[in-house]
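Sequences are here, hints too, so could you generate the full structure?
Taking this note's numbering, the leading residue of the sequence shown gets 1, the next gets one more, and so forth.
Hints were generated in silico from the structure; no laboratory data involved.
Among the hints, a few may not be true.
As the list claims (entries may be wrong) - Within a straight-line C-alpha distance of at most 25 Å, the following computed DMTMM-like cross-link-like pairs (lysine to aspartate or glutamate) qualify: (1) K86 with D49; (2) K76 with E4; (3) K76 with E39; (4) K74 with D49; (5) K51 with D82; (6) K78 with E3; (7) K11 with E23; (8) K101 with D85; (9) K74 with D85.
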Amino acid sequence: FGEECLQSYLKQNNDKCPIQQHEHCEFSKSKVARQQVSELLVICPRQYDLKKRQSKEGTILGKKEEHENQCSYKGKIKEMKDHLDKSCQLISIQQIIALIKELKLQLQIERLKT
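The following block contains the structure:
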């Protein structure tokens, strides 16, 4: 659970535990837990999303395409933002949507010129 999701759940469900449904469940931040979680090793979320989409769509890529559309990052959660901002080779869905919008806008401008 994320912090906001858990707090929202507790408010909406009269402080009932989301797992065992007992009452008087309280949220508290734990610095030790946060530090431990920030040290966990994870793969790139963009790579995870890509594999999940390919699995859903049944996409089969050739070896060359598979190698080009891949991120081999495995690192600590606390280092993830830096990886995504500076070194990840995969484009996020948000970036793709922004590129598509920009291309559509450019196409409309070109059509107006002619």
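Among the hints numbered above, which are violated by the structure, and what are their numbers in rising order? Failing hints: none at all.
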